[in-house]
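Enquirer: In case you want the letters, here they are:
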Amino acid sequence: MNRTRLVIGLLFLAVSTAAFAQDPRTIVEEAQKRSLSMSQRYEGTLKVIDNKNKVTEKRWTFERIGSHGNSKSLLRFSAPAEVKGVALLVINHPDRSSDQWMWTPAVGRERRIALQDRSQRFFGTDFSFEDLEERDSDQFDYKLVDEETLEGAACWKIESRPKQKKVSQYSHSHVWVRKDNYVIVQIENFSKDKLVRRAKYSDIQRVQNIWTAHHIEMFDMGRNSRTILAFDKLQYNLPMKEEDFTIQAMRRER
Amino acid sequence: MPLIVFLMLLSQDYSQRGYVESLGVFYPESAVNDSGHAIGEIHVRHESFFRPWTNFQLAGGIDVRMDSHHQTEREFRFDWQDRSRKRPLLSLRRLSAQYHRAGLTLEAGKQFVRWGRTDIVNPTDRFAPRDFLTVVDNEFLGIEAVRGTYEQGSNTVDVIWSPRLTPSRTPLLSQRWFIPPAGAPPFMVERDIPDGSQAGIRWSHVGFVEFAAAFYSGFDHLPSYELVPGSFVVRETYAQQRMIGGDVAVPLRLVSIKGEAGYFQSPDHLSDNYVLFVVQLERQAGEWFFVGGYGGEAITERGRQTADFNPNRGMTRTILARAGYTIDVRRDIFFETAIRENFDGIWSKIGYSHAFGQHWRVTTDFNLIRGKPVDFLGQYRRNSHGTVAVKYSF
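Protein chains in written order, with the working numbering: chain A, 316 to 569; chain B, -11 to 382.
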């Protein structure tokens, strides 16, 4: 019995030491690997709470094909009624910033979201257009800053800085990755040394073997407002077609 | 029919949207041909989308309108075509079937086709007639067409054939947005809408620089006017038109530059041959967005028309600007202006919009129009107006 305990103890020590010795890129890559799926679909409910605590609700459906730097996603508002049908197509690239187009039914034309406009709020939410991109680990340099406990879970705190090819409104970010399941639980985004946005990920559940936050709370520090995104009907690895993630597909109103 | 409705209700792939809007328009100044100072309008729009199969979709929409100023017909009929002088009381906004497979999308029926990239003035937007009853507050009309779009990688080819022309709706003779020629005797207008079809093709490319080239052959959806000799009749006709043009968008570090140009030729020499171009800069900063540009025109050959009604050309040789500021998630202010380069005409619009809850929005704006009677914008100098719109979206 004592011998078994000793073996377990040594094993635990070895794993812990290995984890501590892990370089931050490996941690982020592992987190990315564990969240890998061929597609994703969810219905999102957004509560935008402004600095006077006024609440506005919006809903969208989100579909993604591919993963991380090779993914395409289409987001379409279903409420409130006046923005129903508004869509955003995001084509992510492994080596550079994403391409984004927005479709507004009332205008009847798509509009490209220029790189310099990506820091703007997305349709009155506290998410910017850039926040709707999928981050690929290869587009950032990493540094392990600290180890902290967040909401009772031990985390690595990693600093990520965009590489030169990546155009970003953020100079750097701090990312908290849980040690037990490699799930990202918080991201703080900085512009120079000023904290501009904080995203907190909670209600983490296992969906089709992928640990997934069902609740994202995005704080806009400048405006002192926040948006809570709650995921519903989330599914991974649904059969999807590339042809449904094009500008033409975005224009197909539903 | 009941079966279709039943299937739609059962289907997960049925969606709808619409609104009820009540609009008040107030004109402080009198007009020569219109004593009205206030107009009330009610507009109901409903659109449905039904996808019985993954690759097939039906889209339909109707408009119901009423107003206090006889801009809308009082006769109850269902208008499929939207070719009447007045707005129909009940009209089909759109009804189309769409099929897509791989990169190919086919759509047939009454639909909206928008070409071009710039704002305010769009030289290449040839399949987009508008309702110009209130010249500066206009909206698009659907057209009957068959459209095939093929998207392959970063290139898209769009081919359109429309069996007949849907003309733009022009100001009514008895109302303030029609400006009678100075000293002209009373006259009648005979409308002559051509029977022929229209076709066009547009190739567009998406990359760091986006660009497109377009060709159109058909008719101008805006009218030309000819005097019938020896009578008090003016013939309203629609000139044959060919257009070759293109558009481009270049994102730079600080601004995006957009340009659009078209060369217009009238094979029947009814209308002028001319080049129309627009160059504009765009930028979003914080809660602001700005669009500023210049619209220009060069006439290469005069046509034989006595007069025409062409807001696109009327907005050229003009500095154009649009700006907006989002106060918060519910409130916006916006500003739009067009100033002729010789200062003979100016139109400025400033507005405020406020959303209440999930469904209601109130928008108010004021349009200031000033200028000389000979100028396209200046001729409407007595039509400065304010509007208040209350909209319930569902």
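Hints are computed from structural coordinates only; laboratory data are not their basis. These figures come from a predicted structure and were not determined experimentally. Built from N, CA and C at the ideal position, the CB exists for glycine as well. Treat the hints loosely; a few may be bogus.
Computed Cβ-Cβ distance ranges for the label pairs, DEER-style [said to hold, decoys possible]:
1) B:ILE232 x A:PRO420: 26 to 34 Å
2) A:ARG476 x B:PHE323: 25 to 33 Å
3) A:PRO420 x B:THR42: 44 to 52 Å
4) A:ARG411 x B:GLU275: 23 to 31 Å
5) A:GLY467 x B:PHE323: 48 to 56 Å
6) B:THR352 x A:GLY467: 46 to 54 Å
7) B:ALA201 x A:ASP559: 55 to 63 Å
8) A:GLU557 x B:VAL32: 33 to 41 Å
9) A:GLU344 x B:VAL134: 45 to 53 Å
10) B:GLU63 x A:HIS529: 54 to 62 Å
11) A:GLY467 x B:VAL238: 25 to 33 Å
12) A:HIS408 x B:ALA201: 45 to 53 Å
13) B:THR352 x A:ASP518: 37 to 45 Å
14) B:ALA201 x A:GLU557: 24 to 32 Å
Enquirer: Could one say that the CB atoms of THR352 (chain B) and GLY467 (chain A) fall in the range 46 to 54 Å?
Expert: holds, 52 Å
Enquirer: Given the hint of 25 to 33 Å, check if ARG476 (chain A) and PHE323 (chain B) actually sit that far apart at their C-beta atoms.
Expert: Hint violated: Cβ distance 39 Å, outside 25 to 33 Å.
Enquirer: Is the gap between the beta carbons of ARG411 (chain A) and GLU275 (chain B) within 23 to 31 Å?
Expert: Distance hint for ARG411 (chain A), GLU275 (chain B) holds at roughly 27 Å.
Enquirer: With 55 to 63 Å as the target window, see if ALA201 (chain B) and ASP559 (chain A) comply at their CB atoms.
Expert: violated, 27 Å
Enquirer: Could you check the hint for me, namely that PRO420 (chain A) and THR42 (chain B) are 44 to 52 Å apart, CB to CB?
Expert: This hint is violated: roughly 21 Å between Cβ atoms.
Enquirer: Hint says 48 to 56 Å; check whether the CB-CB distance for GLY467 (chain A) and PHE323 (chain B) agrees.
Expert: holds, 51 Å
Enquirer: Between GLY467 (chain A) and VAL238 (chain B), does the beta-carbon spacing fit 25 to 33 Å?
Expert: The hinted range 25 to 33 Å is violated for GLY467 (chain A) and VAL238 (chain B), with Cβ atoms some 51 Å apart.
Enquirer: When you take the CB atoms of THR352 (chain B) and ASP518 (chain A), is the distance between them in 37 to 45 Å?
Expert: 42 Å Cβ-Cβ, so the 37 to 45 Å window holds.
Enquirer: At the C-beta level, are GLU557 (chain A) and VAL32 (chain B) separated by a distance inside 33 to 41 Å?
Expert: Because 39 Å falls inside the window, the suggested range holds.
Enquirer: With respect to the beta-carbon atoms only, verify the hint that ILE232 (chain B) and PRO420 (chain A) lie 26 to 34 Å apart.
Expert: The hinted range 26 to 34 Å holds for ILE232 (chain B) and PRO420 (chain A), with Cβ atoms some 29 Å apart.
Enquirer: Starting from the range 24 to 32 Å, see whether the pair ALA201 (chain B) and GLU557 (chain A) falls in it by beta-carbon distance.
Expert: With a Cβ separation near 26 Å, ALA201 (chain B) and GLU557 (chain A) satisfy 24 to 32 Å, so the hint holds.
Enquirer: May I ask you to test the hint 45 to 53 Å on the CB atoms belonging to HIS408 (chain A) and ALA201 (chain B)?
Expert: Once the Cβ atoms are compared, 26 Å apart, the range 45 to 53 Å for ALA201 (chain B) and HIS408 (chain A) is violated.
In terms of the numbered hints stated before, the structure departs from hints 2, 3, 7, 11 and 12, listed from lowest to highest.
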